[in-house]
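Using this note's numbering, you'd call the opening residue of the sequence shown number 109 and step up by one each time.
Simulated from the structure, these hints should not be mistaken for laboratory data.
SDA-like mimics (lysine to any residue), calculated; alpha carbons at most 25 Å apart, straight line: (1) K496 with T746; (2) K476 with S569; (3) K698 with R231; (4) K411 with P370; (5) K763 with P836; (6) K427 with R488; (7) K748 with S826; (8) K465 with E437; (9) K748 with I810; (10) K715 with A691; (11) K835 with L752; (12) K835 with T757; (13) K748 with T600; (14) K160 with K212; (15) K725 with S736; (16) K725 with G586; (17) K698 with A687; (18) K465 with T508; (19) K465 with Y426.
Computed spacing ranges between beta-carbons, pair by pair: (20) E437 with T539: 22 to 28 Å; (21) Y761 with E504: 49 to 55 Å; (22) D196 with G299: 28 to 34 Å; (23) G162 with R550: 50 to 56 Å; (24) H218 with T838: 45 to 51 Å; (25) K817 with Y761: 26 to 32 Å; (26) L656 with E504: 38 to 44 Å; (27) D197 with R550: 52 to 58 Å; (28) I409 with G299: 24 to 30 Å; (29) S289 with I409: 19 to 25 Å; (30) T139 with A697: 43 to 49 Å; (31) N754 with A111: 53 to 59 Å.
Beta carbons: idealized from backbone N, C-alpha and C, even for Gly.
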Amino acid sequence: MDAPVFLFTPPFTQLNTPYPATAYLKGFLNTKQIPAVQADLGIEVTLAIFCKEGLRDLFAFVAGAAGAGASTADGLSANARRILSLRDDYLQTIDDVVRFLQGKIPTMAHLIAQRNFLPEAGRFAQLDDLAWAFGSMGVQDKAKHLATLYLEDLADLVTECVDPFFGFSRYAERLARSAGSFDPLHTALQGPPTYIDRVLFRLLDAYMETVRPALVAMSVPFPGNLYAALRAGAWIKTHYPGVRIAMGGGFPNTELRSLAEPRVFDFVDFVCLDDGEAPLELLYRHVRGELPVTALKRTWIRKDGAVAFCNDNPIPDYKQAQTGTPNYEGLPLDRYISAIEIANPMHSLWNDGRWNKLTMAHGCYWGKCTFCDISLDYIRLYEPLTAKLLCDRMEELIRTTGQNGFHFVDEAAPPSLMKALALEIIRRRLTVSWWTNIRFERSFTDDLCRLLRASGCIAVSGGLEVASDRLLELIRKGTTVAQVARVCRHFTQNGIMVHAYLMYGFPTQTAQETIDSLEVVRQLFAAGVLRSGFWHLFTMTAHSPVGLDPLSFGVEAAEDTLVAPFANNDIPHRDPRGADHEAFGFGLAKSLLNYMHGACFDYPLQKWFDFKVPSTKISPDYIARLLSEEEYAPTAATAKVVWLGNTPTLRPYTKSKKGNSWEMAELTFEDRRETFHLHVNQPQGAWLASALERISVHQPRISTLQDVKASYESAGLSDFDLFWDNKPVTGLRRLGLLRI
Numbered sequence: 109m110d111a112p113v114f115l116f117t118p119p120f121t122q123l124n125t126p127y128p129a130t131a132y133l134k135g136f137l138n139t140k141q142i143p144a145v146q147a148d149l150g151i152e153v154t155l156a157i158f159c160k161e162g163l164r165d166l167f168a169f170v171a172g173a174a175g176a177g178a179s180t181a182d183g184l185s186a187n188a189r190r191i192l193s194l195r196d197d198y199l200q201t202i203d204d205v206v207r208f209l210q211g212k213i214p215t216m217a218h219l220i221a222q223r224n225f226l227p228e229a230g231r232f233a234q235l236d237d238l239a240w241a242f243g244s245m246g247v248q249d250k251a252k253h254l255a256t257l258y259l260e261d262l263a264d265l266v267t268e269c270v271d272p273f274f275g276f277s278r279y280a281e282r283l284a285r286s287a288g289s290f291d292p293l294h295t296a297l298q299g300p301p302t303y304i305d306r307v308l309f310r311l312l313d314a315y316m317e318t319v320r321p322a323l324v325a326m327s328v329p330f331p332g333n334l335y336a337a338l339r340a341g342a343w344i345k346t347h348y349p350g351v352r353i354a355m356g357g358g359f360p361n362t363e364l365r366s367l368a369e370p371r372v373f374d375f376v377d378f379v380c381l382d383d384g385e386a387p388l389e390l391l392y393r394h395v396r397g398e399l400p401v402t403a404l405k406r407t408w409i410r411k412d413g414a415v416a417f418c419n420d421n422p423i424p425d426y427k428q429a430q431t432g433t434p435n436y437e438g439l440p441l442d443r444y445i446s447a448i449e450i451a452n453p454m455h456s457l458w459n460d461g462r463w464n465k466l467t468m469a470h471g472c473y474w475g476k477c478t479f480c481d482i483s484l485d486y487i488r489l490y491e492p493l494t495a496k497l498l499c500d501r502m503e504e505l506i507r508t509t510g511q512n513g514f515h516f517v518d519e520a521a522p523p524s525l526m527k528a529l530a531l532e533i534i535r536r537r538l539t540v541s542w543w544t545n546i547r548f549e550r551s552f553t554d555d556l557c558r559l560l561r562a563s564g565c566i567a568v569s570g571g572l573e574v575a576s577d578r579l580l581e582l583i584r585k586g587t588t589v590a591q592v593a594r595v596c597r598h599f600t601q602n603g604i605m606v607h608a609y610l611m612y613g614f615p616t617q618t619a620q621e622t623i624d625s626l627e628v629v630r631q632l633f634a635a636g637v638l639r640s641g642f643w644h645l646f647t648m649t650a651h652s653p654v655g656l657d658p659l660s661f662g663v664e665a666a667e668d669t670l671v672a673p674f675a676n677n678d679i680p681h682r683d684p685r686g687a688d689h690e691a692f693g694f695g696l697a698k699s700l701l702n703y704m705h706g707a708c709f710d711y712p713l714q715k716w717f718d719f720k721v722p723s724t725k726i727s728p729d730y731i732a733r734l735l736s737e738e739e740y741a742p743t744a745a746t747a748k749v750v751w752l753g754n755t756p757t758l759r760p761y762t763k764s765k766k767g768n769s770w771e772m773a774e775l776t777f778e779d780r781r782e783t784f785h786l787h788v789n790q791p792q793g794a795w796l797a798s799a800l801e802r803i804s805v806h807q808p809r810i811s812t813l814q815d816v817k818a819s820y821e822s823a824g825l826s827d828f829d830l831f832w833d834n835k836p837v838t839g840l841r842r843l844g845l846l847r848i
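Start from the sequences, fold in the hints, and give me the full structure.
Okay, here's the thing in structure tokens:
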């Protein structure tokens with residue numbers, strides 16, 4: 109067999125599921141018959157450290173460092189001394205805790221939740237009111253949170269005594285985030301390997317010996333992966349000097365688009381940008397001697413001591429339908445850890461359980477938000493897949509992974525494609541759970557949300573952003589607060605959890621607008637139409653409309669933001685017309701945590717801040733009034749009509765009253781929760797029973813309202829609108845008679 113490509117994600121991204129980039133690339137390489145092996149070294153390093161043998165080595169290393177004078181007990185924090193004194197308790201419990209978080213011994217939850225099994229250090233100080241945070245979430249979630257704190261205590265020991273840059277995610281992020289100069293990272297890489305580095309090298313050595321790759325390809329999605337990626341690259345160059353190394357992923361795509369730092373290529377040979385399929389295929393052919401370096405695509409190299417960009421190959425990128433199904437073969441899917449770090453419903457969903465990752469559409473169909481990197485191809489080039497192909501890939505992933513949960517990682521999933529996907533899932537009778545990111549489009553009607561829920565949609569996340577109509581217009585979000593509120597209600601009343609991305613600090617945002625945004629958020633949670641959210645401080649990026657033309661948005665880029673030789677993305681800026689944005693961060697986060705748990709809605713907003721803030725100008729019933737306004741939009745004749753329910757039974761009978769009698773029909777509907785009886789006259793009953801069969805979701809063609817009306821009238825019946833838009837037929841909506 110030809111020497112394969114070795115794909116890996118360096119430490120650390122997430123513990124609960126593989127980052128999908130290597131699985132996407134392996135699936136593509138399979139379509140080209142290019143052999144590939146993949147690994148997630150983040151989870152493997154984590155499990156190598158946080159096991160009984162790994163902890164024994166860790167404690168010995170800390171004790172040895174103390175004995176060598178690198179640290180003394182007096183120099184350690186009280187928290188570190190406590191953990192070291194409980195060494196035997198940690199060694200006794202670590203394997204069971206990890207196996208519990210892997211879902212292998214769920215009955216451990218009861219023991220962990222009692223708070224007398226796990227050793228507890230500094231992280232547990234936040235648990236003064238655990239019942240408030242987890243009282244409605246159940247013993248499993250409570251135990252997972254406690255077990256997560258236990259691991260974070262050990263991580264704190266590692267950070268203090270072993271490696272100051274360690275973390276379960278965002279490892280060494282401070283060295284890499286928007287590092288215009290490569291110097292700090294280069295200095296760290298010249299130092300002796302850390303304890304974590306040596307664990308990484310041991311695992312890497314085993315893979316290199318077994319795989320014997322022709323090409324190593326590292327996916328670096330975040331700044332926190334970069335240090336470990338370059339450490340790994342340097343180690344491979346030393347021990348396997350004939351193997352070429354490529355780096356791609358989210359970090360290079362956003363930060364290294366103007367790369368001019370030649371020292372990067374002491375650690376890797378190639379840095380690829382944007383969609384990786386075509387560049388990786390060409391790289392593989394190049395390292396095999398089939399193509400010259402000039403034939404590469406979107407790839408940085410070092411040539412004659414300087415950085416050069418190879419992008420002369422005219423071959424187009426592959427269409428999404430040509431890239432294959434993501435392939436998780438080789439990843440330890442049964443060993444990932446489901447952790448719950450904070451009591452946030454959506455963050456719990458992200459981190460709890462393993463999700464198969466798919467994409468409905470490449471890029472963003474909206475592509476106008478001024479804070480977003482819409483000038484980059486991964487957002488700018490919009491290309492949707494078909495519902496049929498998506499379901500084909502879902503079925504293949506269910507077969508190969510044994511998991512039926514899906515996270516669609518779209519920038520914003522298109523409503524029309526979500527509708528088509530839901531119909532296809534229901535037609536195929538797939539049992540799946542899925543969630544995705546959306547825009548709060550007006551097209552997410554109550555009926556469409558019913559359809560999505562019936563297909564297995566359990567949650568959506570979307571950008572409410574600044575919760576101010578003036579600023580939403582400045583962002584070019586294409587939504588209003590009223591629209592967001594109503595769409596959120598459509599999702600939540602159909603059992604789909606809604607998480608809102610919230611932003612503060614957008615250019616020219618005043619203190620008044622920040623407080624008014626908080627009041628809108630408070631009312632949305634109080635109304636029960638939002639269940640989860642997270643505040644983000646606005647960051648001006650180089651590839652967004654704001655970053656490309658800051659003056660038109662009322663802000664000024666810092667004078668020292670010339671193009672740097674290394675990373676270029678985040679742009680320091682001044683907002684002379686705006687508030688002191690960073691001052692609001694703690695109060696916004698604290699208030700939101702309470703609102704997510706249904707608490708403190710009656711607190712004045714001033715209470716969340718330790719400085720004077722303006723009183724809100726938002727009416728206390730603002731959201732309630734928006735939600736109480738009747739929503740009426742006439743249904744177009746071309747609207748699709750679909751029946752999700754079962755076939756009813758039809759029973760003719762005669763109804764008599766005051767000497768008069770007439771022929772009636774009773775239609776009995778059985779669904780999973782109730783029996784529903786509908787009474788109409790016999791001709792209408794006979795027509796309705798047959799019509800529901802014709803508009804069933806399992807029919808190959810979806811009927812329009814116009815089709816249904818024509819069928820009704822051809823049966824000799826009259827007053828279709830009076831019959832269709834009034835009781836008792838409207839009572840069938842909750843059973844699945846939908847206009848979509």
